[in-house]
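Q: Fit chain B to the supplied structure of chain A, relying on the hints for placement.
Read off the chains here:
Protein chains: 2
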Amino acid sequence: MPATPGWTIEDWRKAYHSGAKPEELIGELVARLDTTDNAWIALSDSTQLQAALFDLAGSLNKVGGDISRLPLYGVPFAVKDNIDATGFDTTAGCPGYAYQPKQDANTVARLKAAGAVLIGKTNLDQFATGLVGTRSPYGAVPNSFRPEVVSGGSSSGSASVVARGLVPFALGTDTAGSGRVPAGLNNLVGLKPTRGLFSIQGVVPACRSLDCVSVFALTVNDAGLVAGAIAGFDADDAFSRRAPYALPLDGPAIRRPGPVKRIAIPEHPQWFGDQQAEAAWNTSVSLWRQQNVELVPLDFSPMLELAALLYDGPWVAERHAAVESFMASHGNEMNPVVKGIISNATRFTATDTFRARYRKEELQRQIDELLADMDALLVPTAPTAPTIEAVNNDPVTLNSQLGTYTNFVNLADFCALAIPAGFRDDGLPFGVTLISGAWKDTELQHLACQWLNAQPTPLGATDRPRPQETPGAEISTPTVQVAVVG
Amino acid sequence: MPATPGWTIEDWRKAYHSGAKPEELIGELVARLDTTDNAWIALSDSTQLQAALFDLAGSLNKVGGDISRLPLYGVPFAVKDNIDATGFDTTAGCPGYAYQPKQDANTVARLKAAGAVLIGKTNLDQFATGLVGTRSPYGAVPNSFRPEVVSGGSSSGSASVVARGLVPFALGTDTAGSGRVPAGLNNLVGLKPTRGLFSIQGVVPACRSLDCVSVFALTVNDAGLVAGAIAGFDADDAFSRRAPYALPLDGPAIRRPGPVKRIAIPEHPQWFGDQQAEAAWNTSVSLWRQQNVELVPLDFSPMLELAALLYDGPWVAERHAAVESFMASHGNEMNPVVKGIISNATRFTATDTFRARYRKEELQRQIDELLADMDALLVPTAPTAPTIEAVNNDPVTLNSQLGTYTNFVNLADFCALAIPAGFRDDGLPFGVTLISGAWKDTELQHLACQWLNAQPTPLGATDRPRPQETPGAEISTPTVQVAVVG
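Sequence lines, in order, name chains A and B. For what it's worth, my numbering labels the leading residue of the first sequence as 1, then goes sequentially. For what it's worth, my numbering labels the leading residue of the second sequence as 1, then goes sequentially.
The following block holds chain A by itself, in its conformation from the complex (with noise of 0.2 Å):
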């Protein structure tokens, strides 16, 4: 029997190709797994597990048994559980709001269908509300590299479970930073899409007008595979957009294809302390210099504008609308941090949103032009990476330092890819994100390969080596062009 921790979406692969059978490979996985371990809130129990290849063979049956036309065959994978998978109850964090979906997540659906295993749900801050991975009943979430760390979250679980190798990759939900905190905490690829690329159909609304369901995986080469499987237009889901499938070429330059030259990065980039942390982002900016890469700092000060916008602002009344009825009737329930953050909605009225909105669409402007002659933006993925105690005794605080490179993506509609960067000198992994215009997911998953190809760092928390990155093909489609005066 082959062990299949650490093991990415390629190796699964090669095994099936040589012969294994996935009721072997994923029974030996499933029966192996904790399940006290936090980072679980569910796992397959036998008959759904049964149930899931007795679909699976069906699925296979039908491409006449050509394991090849299903790109995710036999691969298992863990859903955060904000994200509905029938046979599961969708908990947010919180049992006295569990519901059992009628139907599987849209992107649920589509991993289902391209052969892909539900193996369990996973732990998360509360309502996706918290970078941290602490906000939850079901317990904290351990870092995988030290367990007195946080795991970062809201996320916790998916990249907990990615990261030991336990599946190659799961989905996680992101926000404010929820797919890349968790991400740069343990090591991983955490891919935050361009809004609405995937479908957030059957998701529980954090801030429904910016939620993104994230990929978890060891890989970019993965995440980029789960990407495509999960990507596309849902007439179901009304924030779900259709890609422009071309771009303006007198557009800024960070919206704009073409090879990468020069990334900016923030001027004084803010540590809260962490020397460890500044230490390995001074590394990583040496790295990427040696890579023919011209890094500009840059005034972060209207990013970090935008990013208060998200908690202190209105927006954090889109968490409002989403549990204001369960609150009302079950607030004794809720995680009292949680339910302090999403109580001040109420202190924002109609008119103090529009406002914010404008401020939003300046900041937005002023941060384009900021960037109108750069490739794209290089940030820490987070600046401090605080113990679960430190984190308890100041839960608010400690948790928006974490989001201080995160928080301002989803509003300013960039797309965001959070990498491995090396270690700190006390062992924790280190990660840097790479963001873009909205619809430039590729072109980050390219730049992405490059840097890792030239710091092969080993795969989340296993000792496994990464193999050569490779971004898949570009996808290109027909356009009509169209002409607006005239």
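None of these hints come from the bench; they were simulated from the model. Be careful, since some hints might not be right.
[Unchecked claim] To give an idea of the interface, some chain B residues facing chain A are shown, with a C-beta separation under 10 Å as derived from the structure:
{"no.": "1", "residue": "S209"}
{"no.": "2", "residue": "A235"}
{"no.": "3", "residue": "F239"}
{"no.": "4", "residue": "G313"}
{"no.": "5", "residue": "V316"}
{"no.": "6", "residue": "H320"}
{"no.": "7", "residue": "E324"}
{"no.": "8", "residue": "T346"}
{"no.": "9", "residue": "F348"}
{"no.": "10", "residue": "A350"}
{"no.": "11", "residue": "A356"}
{"no.": "12", "residue": "R359"}
{"no.": "13", "residue": "E361"}
In this text, all values refer to a predicted model and were calculated from it rather than measured experimentally. No residue lacks a Cβ here, since even glycine has one placed at the ideal position from N, Cα and C.
A: Relative to chain A, chain B alone:
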């Protein structure tokens, strides 16, 4: 001396090409204007006019005296008084609110740069809040065909001065129909562009996220010429947008270029008892059917629900955000109807605002699906044509009725073109509006030309015949393909 009333832009250009001089033509025009006309809030005095003509001479000098290089050389125009123009106070229809703008609004500056000569600022429903043309301390603007009937609003004065042929074009604004309803009631072309195509810098906001500058003209040719002169990205306007230049082929048909074959119409249009409007619509519909176009009646209820969000929902808080401090200190100087409407904003919370946004997105999706097989949408511009007296007796209900076919358009991110469509039995003009998806402004102009050449109504309220309508050439721009996932 030539008599300029009713001249189109083309007529003005011909006169200059034949040797006429702006100082003579415009001097005569301005001298003839009636300063007690309710359509005007302010007119250029002789000093302003001399300065404008001096600037024009300077511009002409810079292009080597070649007037063909100034596409609007010496063409007089008027501007709604919520749009900044140096030398005039901006009142927004409220004397207590007036301020002296330091610079021209972007659209006014572009028109002047193209050679056009501003001759006055026009009356409006206060703070552009109304569709009637009666809500102004400068007096109600009479309909240009029958003075006891409303002009429509809020761009009442701009429509009136164009309809009577005083100027060949004027700028209005359009948030809920203010650039279309007065066009319909005065036999004009009213161009409501795609949001963000014309800058709103220097415009007193109504609903800043929805506001558009609009164009009133006697012909589609002229409206297209003016649109060509004022369209373009403006970095100083956070709501300005770059045109995508290419649209996906798999998008809803209403957003897709191509020959127009199927036009949607409301299944059960509402007339609020106005049988003359209904009869005029039925005549129009039968004439459209003769033009080799299939008219397809569709359920209009999602459009009506979307429209209701604008005034009955939190968007009214945008109007509040624009005038909150003025209203707090000078509320007694405001039109009581306008003040009452804007005061409703305080009923809405941030949570309400996001919920309404979600509903808006859902309705937009529903409307897109409904129009998936359609090439455009055709509606009556206004369902009624009430008298000023009737509106004074019931200022809110009759105003709301006027917006039945216009209110939803800006929220749906559609562009629209109001065009003449013959006359009612009582001698009032009847108008229809062509609607399509964002960035399809030019397609609407082509379709409108086809209609007007088949139904050549006279120009505005003048007795001049309509010239052949010939839409300008399409503009094409280089694009680059982008890959989104891979």
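Q: Now look at each hint and say whether the structure bears it out.
A: Verification of the supplied hints:
1. Checking S209/B against chain A: minimum C-beta separation of about 6 Å stays under 10 Å; hint holds.
2. Checking A235/B against chain A: minimum C-beta separation of about 6 Å stays under 10 Å; hint holds.
3. Using the Cβ-Cβ criterion of 10 Å, the hint placing F239/B at the interface with chain A is satisfied: the shortest such distance is roughly 6 Å.
4. The criterion of a C-beta within 10 Å of any C-beta in chain A is met by G313/B, whose closest approach is roughly 9 Å, and the hint holds.
5. Satisfaction of the interface hint for V316/B is found here, the shortest Cβ-Cβ separation to chain A being roughly 8 Å, below the 10 Å cut-off.
6. Taking 10 Å as the C-beta contact cut-off toward chain A, the hint placing H320/B at the interface holds, the least distance being around 5 Å.
7. With 10 Å as the threshold, the beta carbon of E324/B comes within range of chain A, its nearest partner Cβ sitting at about 6 Å, so the hint holds.
8. At a threshold of 10 Å, the smallest CB-CB gap from T346/B to chain A is about 7 Å, leaving the interface hint in force.
9. A hinted interface residue such as F348/B counts as satisfied when its beta carbon comes closer than 10 Å to some beta carbon of chain A; here the least separation is about 4 Å, so the hint holds.
10. At a threshold of 10 Å, the smallest CB-CB gap from A350/B to chain A is about 4 Å, leaving the interface hint in force.
11. Hint status for A356/B: holds, given a least beta-carbon distance of 9 Å to chain A, under 10 Å.
12. For R359/B, the suggested interface contact is upheld, since its CB lies about 9 Å from the closest CB of chain A, less than 10 Å.
13. Interface restraint check: E361/B against chain A, minimum CB-CB distance 4 Å, threshold 10 Å, status holds.
The structure agrees with every numbered hint stated previously.
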